[in-house]
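Protein chains: 2
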Amino acid sequence: MLSQRAATLYRACRGLSQGLSAVGIHQPRHCNRLAAVLINPKYRCYATEVNDEEDFLQPHAALLRSDLNKVKRIVIKLGSAVITREDECGLALGRLGSIVEQVAELQNQGREMIMVTSGAVAFGKQKLRQEAVLSMSMRQNLNSIESGGRPPTLEPRACAAAGQSGLMSLYDAMFLQYGVKTAQILVTKPDFQNEHSRENLRETISELLKLNIIPIVNANDAVAPPPEPDMDLAGVISVKDNDSLAARLASELNSELLVIMSDVDGLYTAPPGMPDSRLLHTYSPDRDQVIIAGKSRVGTGGMDSKVKAATYALARHCSVVICNGCEENAIVNIVKGKKVGTFFTNAVHKGTPVELQAKKAREGSRKLQALSGMHRAAIVNRLADLLLERQADILAANQQDVQEAFAEGMQQSDMARLYLSEQKLETLATGLRQIGTDSVDAVGKVLQRTQMAEGMVLEKISVPIGVLMVIFESRPDALPQVAALSICSGNGLLLKGGKEAKHSNKILFSLVQEAIEPFAPIDTVALVSRREDIADLLHLNQYIDLVVPRGSEELVTRIQQQSQGIPVLGHSEGICHVYVDQDADLEMALHIVKDSKCDYPAACNSMETLLIHKDHRHSLFFDKMCEMLRLQGVTVHAGPKLGQVLKFGPSLAASMKTEYGSLECAIEIVEDLDEAIEHINKFGSSHTDSIVTNNDESAAKFLKMVDSACVFRNASTRFADGYRFGLGAEVGVSTSRIHARGPVGIEGLLTYKYVLTGTGQAASDFSAGKEKFIHERLPLISD
Amino acid sequence: MLSQRAATLYRACRGLSQGLSAVGIHQPRHCNRLAAVLINPKYRCYATEVNDEEDFLQPHAALLRSDLNKVKRIVIKLGSAVITREDECGLALGRLGSIVEQVAELQNQGREMIMVTSGAVAFGKQKLRQEAVLSMSMRQNLNSIESGGRPPTLEPRACAAAGQSGLMSLYDAMFLQYGVKTAQILVTKPDFQNEHSRENLRETISELLKLNIIPIVNANDAVAPPPEPDMDLAGVISVKDNDSLAARLASELNSELLVIMSDVDGLYTAPPGMPDSRLLHTYSPDRDQVIIAGKSRVGTGGMDSKVKAATYALARHCSVVICNGCEENAIVNIVKGKKVGTFFTNAVHKGTPVELQAKKAREGSRKLQALSGMHRAAIVNRLADLLLERQADILAANQQDVQEAFAEGMQQSDMARLYLSEQKLETLATGLRQIGTDSVDAVGKVLQRTQMAEGMVLEKISVPIGVLMVIFESRPDALPQVAALSICSGNGLLLKGGKEAKHSNKILFSLVQEAIEPFAPIDTVALVSRREDIADLLHLNQYIDLVVPRGSEELVTRIQQQSQGIPVLGHSEGICHVYVDQDADLEMALHIVKDSKCDYPAACNSMETLLIHKDHRHSLFFDKMCEMLRLQGVTVHAGPKLGQVLKFGPSLAASMKTEYGSLECAIEIVEDLDEAIEHINKFGSSHTDSIVTNNDESAAKFLKMVDSACVFRNASTRFADGYRFGLGAEVGVSTSRIHARGPVGIEGLLTYKYVLTGTGQAASDFSAGKEKFIHERLPLISD
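Taken in sequence, the protein lines are chains X and G. Each residue of the first sequence is one higher than the one before, starting from 1 at the first, in UniProt numbering. Each residue of the second sequence is one higher than the one before, starting from 1 at the first, in UniProt numbering.
Hints listed in this document are in silico derivations from the structure and should not be mistaken for laboratory results. Keep in mind that the hints are not guaranteed to be accurate.
Stated by the list, open to error - Here are some, though not all, of the chain G residues that point toward chain X, as calculated from beta-carbon distances under 10 Å:
hint, residue
1, Gly97
2, Gln399
3, Thr437
4, Val440
5, Gly444
6, Lys445
7, Ile461
8, Phe519
9, Lys594
10, Thr688
11, Asp721
12, Arg724
13, Phe725
14, Leu756
15, Phe766
16, Ser767
Predicted model, so just to flag it, every value in this text is computed and none were measured. Each residue gets a CB set at the ideal place from its N, CA and C atoms; glycine is no exception.
Please take these sequences and the hints and turn them into a complete structure.
Right, dumping it as structure tokens:
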């Protein structure tokens with residue numbers, strides 16, 4: 001009799017050789033012999049109950065998604081729906097290949113992968129059907145075609161037997177592409193209840209894993225009768241069976257992660273397809289409050305057995321993800337911690353789930369809207385007070401941010417934005433009070449009044465948009481400013497600040513909550529802490545009405561792409577122009593160009609391209625302009641036309657669409673005003689463009705035809721700014737064309753509603769001619 | 001010596017057996033013998049020059065994408081980049097599997113598929129590397145690890161030889177999943193120039209195709225020296241070689257379609273990554289005008305040889321698609337006519353390419369904006385005249401639509417919308433004239449004036465949005481209305497109408513062009529004829545500023561998802577409520593409910609849910625209301641609360657979020673005003689909601705707290721309409737929350753710009769304290 005260890009090794013080798021057997025090409029000598037072995041019960045593995053606690057590894061602590069990259073032993077369960085094509089014509093090779101690629105990649109990273117797979121019946125069906133057709137007589141064949149072409153009926157067990165070898169050989173051939181070996185383990189459900197065979201199974205698999213071999217586990221359908229003899233393909237390898245098999249296996253083997261792949265995306269709050277049905281990213285069987293909004297229904301699209309299996313494994317310290325096997329790179333992404341499928345965990349969430357934040361902001365916004373303008377202003381005044389009262393705490397938190405940013409080598413100009421001072425806080429407080437005072441009447445203002453008919457008045461009234469999400473850069477003073485604008489306009493707010501300012505943002509945010517508390521729910525304004533939450537929030541168009549991303553054009557584009565129906569008020573680049581006209585005051589031109597370019601080159605409203613009328617090309621003015629820019633340290637590039645006429649001097653501009661954002665600019669010569677306008681409309685970003693001219697006609701044409709949010713005459717482009725425009729502060733500078741353009745203050749955060757007051761009118765009375773429309777514009781009562 | 005036919009058959013069988021040989025599992029008897037045959041030059045296929053024109057099939061007429069589903073013989077060329085993983089660790093099995101699935105699917109549809117594949121070297125490299133490591137001594141192995149772990153150097157030709165059998169066996173095993181057999185053809189470039197061998201090649205492949213076998217063609221790298229001995233993997237099987245091989249093959253075989261798959265999406269207008277770089281969906285080598293905007297540069301990311309090969313094949317009547325092999329279902333989608341990759345064709349486009357339409361609408365919009373309001377009104381007045389002058393033609397075209405729609409079984413209510421009459425045209429003309437008159441001052445209106453500082457005035461001025469795209473249902477009178485609103489607001493316009501109204505739309509559109517002609521370019525307004533063009537237009541955010549989809553919520557959602565940064569002014573469902581308050585005038589309530597539900601049940605502003613205060617539940621009024629609805633033929637459903645108290649009577653409403661759009665509505669009982677408001681905000685669609693009450697306080701609360709675009713007191717919901725609101729007409733009813741809410745007329749199609757007139761100010765003068773802001777609101781000059 002073999003020793004325990006030897007017996008285990010023997011079983012491991014047997015499993016391996018069974019696996020290898022399938023790969024006729026690579027191991028032809030095993031080809032025929034072992035194909036028979038596979039369905040010989042003698043070599044089947046048995047599982048046993050193990051009660052000895054020492055046999056188990058230390059139970060794992062509850063994991064978060066972000067911990068999954070540390071996971072070592074992973075069980076992957078593939079459902080039939082993943083492996084077979086939607087049209088049921090054989091295997092879905094694309095998906096299967098991709099899964100093999102991913103499993104091999106993870107195995108080659110040093111993890112221990114175990115696969116539980118369905119699909120042998122599907123594989124065998126295809127194989128046997130051909131043979132059955134070939135072995136039919138021609139007459140049988142013709143009869144079959146006449147009777148509707150029904151393919152010959154195939155016995156599922158025969159399909160399984162025929163398919164098992166082929167499926168394994170395919171797995172083996174595929175895994176060999178990545179230098180990974182596989183072994184085959186066939187089990188039946190009854191075997192699993194035998195104590196002794198369970199132990200054997202565990203040891204066999206452990207041994208295989210030590211040898212860096214992937215065990216591929218399948219139900220031994222050839223000998224195990226299908227649960228219901230008349231069920232269809234999916235029923236034969238009952239999903240329930242393989243799910244629970246995988247869960248049992250995962251817990252037996254102390255696996256840390258079980259991935260159950262099928263053709264649904266995961267667990268839903270309601271049956272998929274129903275309104276409000278939403279994929280749960282995280283599910284804790286023990287804690288119902290994870291399911292938001294009181295919805296405790298769980299979609300039952302064949303999910304019951306999966307949830308049961310997942311709960312079973314989770315109770316045994318194995319995290320589980322139920323996901324869609326058709327999703328690209330699902331396995332690798334799960335291990336990377338990405339939000340794929342539904343994650344079963346007992347881990348307690350840090351912080352409030354984002355959906356709840358959004359929902360509470362919506363509820364809070366209704367309360368805020370119901371307040372009077374005076375009360376909203378009082379919140380902001382209190383916030384201004386708190387900024388001064390808690391000055392020491394704020395500056396200490398900010399100091400921490402500054403030190404950390406310095407240690408990480410943040411750029412000088414970014415540091416200046418991050419840094420808060422007593423002076424800055426004082427200016428900030430003054431600004432907030434101004435916003436409060438100015439906005440008292442902003443909400444609920446009558447914008448238009450129309451006498452629609454006798455006894456019927458239509459009013460257009462300003463109302464808050466609802467809930468805003470503002471994503472802002474690492475500039476902590478933006479937080480109270482944006483919060484003040486949002487509160488004064490009656491909007492709920494979700495804030496996501498740059499992570500470099502996290503300590504400052506945290507304390508500033510707590511002050512916002514403190515200021516709100518006496519008047520409205522504190523979660524009317526919420527701080528979103530994690531970057532990955534943004535993508536989730538962009539799906540919640542039932543709670544969020546407008547997204548304002550402040551930052552790079554790349555950020556804006558990404559947000560636009562991720563947004564599911566929530567409008568984005570984008571601030572893209574600022575390619576601003578100054579055009580020096582034929583009739584310009586040349587001293588003024590020098591003054592304006594100097595300010596537009598050099599006052600704050602990193603700002604979006606600073607000049608990037610200087611357009612000069614051709615008449616100035618050979619004047620003293622041109623030389624003076626170049627000299628001024630040189631003295632200011634501005635690197636000049638020539639546009640194509642200027643480049644042609646210059647024999648030497650500045651390098652050619654790579655593109656006329658460059659936002660330099662530094663002491664660098666392009667100069668181009670234009671033939672006339674029309675060419676200047678055309679140039680700006682073609683290469684500009686519709687932000688801010690200025691003409692320097694004493695000619696009223698030229699100015700009028702420029703101001704009318706230049707297609708930008710801000711068009712200036714005889715003024716620096718730097719004036720395009722919420723504060724300078726008299727808006728108090730700005731949520732951002734919009735380069736969108738609808739809703740709000742240019743610097744966006746309170747007004748840009750409002751929309752309107754139509755309020756109609758009648759005396760019982762019906763539309764049919766008008767179409768019947770009994771009543772008549774008047775449509776007379778009435779004077780506004782206030783304003 | 002064999003006869004010609006016998007020789008061909010012999011070669012075909014040889015190719016087949018070579019293919020079969022690779023499938024050791026299925027055909028184990030061939031296993032070892034034929035692995036050697038593969039690199040034996042004796043069995044190689046040779047190609048010959050054929051000059052006899054009769055040998056060619058009839059050259060195919062130039063194809064459009066939509067013709068590709070009729071294509072029978074297809075050559076698929078897979079580049080190394082498709083077959084190997086990005087990290088160069090072996091084959092990309094997921095992609096390869098998916099491609100095999102698609103090719104098999106098309107073959108099983110009865111098409112003739114031919115594959116040209118790279119990848120043998122990659123395959124062999126992986127195989128040989130393991131063997132090399134195994135055959136190294138332990139010391140060599142350690143040395144190799146110490147010296148940075150560089151893997152042993154492998155000879156590319158050896159890799160190719162070792163890889164060829166494995167690659168073929170893999171293809172064969174994969175294709176067998178779908179019951180498809182393959183055969184292997186190895187060719188070298190020099191062979192291809194031999195006239196005799198070319199003929200043999202063609203006949204061999206034709207024979208294989210007749211036998212329903214897929215020929216898999218590869219360069220015989222084992223015997224052909226790589227072009228550059230020191231080049232990397234991609235260089236060994238030079239992409240150029242296999243591209244031109246595939247093109248030669250495709251033209252030799254009179255294939256109708258060649259798909260060249262690599263890791264780029266297709267042909268770009270500029271190197272990918274550059275601004276303005278854009279994928280060309282269609283490319284005609286002969287006609288440069290397909291490349292719009294004068295850009296004739298073609299991205300050169302390894303594209304040269306592909307374009308050369310594609311041009312070669314196209315000149316020989318084989319359409320070509322260059323696409324990304326990583327794109328899901330690329331091959332099947334190409335054959336379905338979808339816009340995947342770049343389509344090389346000599347076919348002449350029908351109509352103007354949509355990008356050109358959008359660009360011209362943008363240019364036209366600038367001209368339109370430069371006109372005076374009087375001129376824009378003159379266009380619309382002329383259009384009104386034309387509607388009456390050409391009445392007979394319009395009605396004849398409309399009659400054609402109506403007849404076709406009737407033949408196709410259009411519903412009665414849709415027919416009513418489609419149908420035009422003299423009366424309708426007259427009303428339409430009157431409406432247009434009104435729009436013209438009302439809008440004369442709409443553009444360029446001063447909305448706000450601020451004294452920013454001494455000598456510096458800031459004005460906020462209404463301007464057109466730019467270019468609109470309006471997608472509207474099969475209601476031809478919408479075309480002149482939308483055109484009029486757009487023209488009067490100075491916007492360019494792309495129109496896409498329902499196809500059922502195509503004849504009517506065509507003539508109405510021609511009248512719009514006729515009216516525009518004297519004042520602005522006729523293509524300021526354009527008609528988009530094909531539905532699939534919409535997806536393309538939604539990418540052109542440089543030309544289109546706002547999309548207004550009128551129609552189902554599903555349409556709106558789809559447009560939102562497809563839009564690449566173009567805002568969508570959505571009109572989703574109208575779930576409108578009437579709430580009968582405790583203090584309502586009950587006669588008035590009956591009148592308003594009747595009108596709201598029954599006046600035009602299909603309209604979005606008709607009532608779907610009636611909320612009744614609980615005090616009315618047991619009153620005569622409740623019975624009267626039910627009786628009135630019954631008499632009007634309205635099917636009533638009970639909300640959950642009403643359902644609980646009713647012992648018998650109406651069925652329960654499936655959901656309180658249903659838009660019935662017919663003589664059907666829900667009734668629900670509410671405890672009080674607050675519950676009514678909550679119900680509406682929760683289940684409504686923020687469209688239009690009305691309260692019937694005599695209590696001013698209740699009314700004020702309802703009008704303030706109900707979060708809808710239109711909130712009414714004592715008036716029917718049916719008044720929410722552009723005409724009834726006095727806007728002349730409407731582009732649609734917006735349920736978006738920003739920019740424009742409710743019925744959208746001229747004002748909703750305008751945005752604003754800030755115009756700043758200074759006297760030479762610089763921002764730095766203000767920050768230095770030399771100048772001070774005033775920020776005083778000035779009176780508006782007009783209005």
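Which numbered hints does this structure break? The structure breaks hints 2, 3, 4, 6, 8; every other hint is satisfied.
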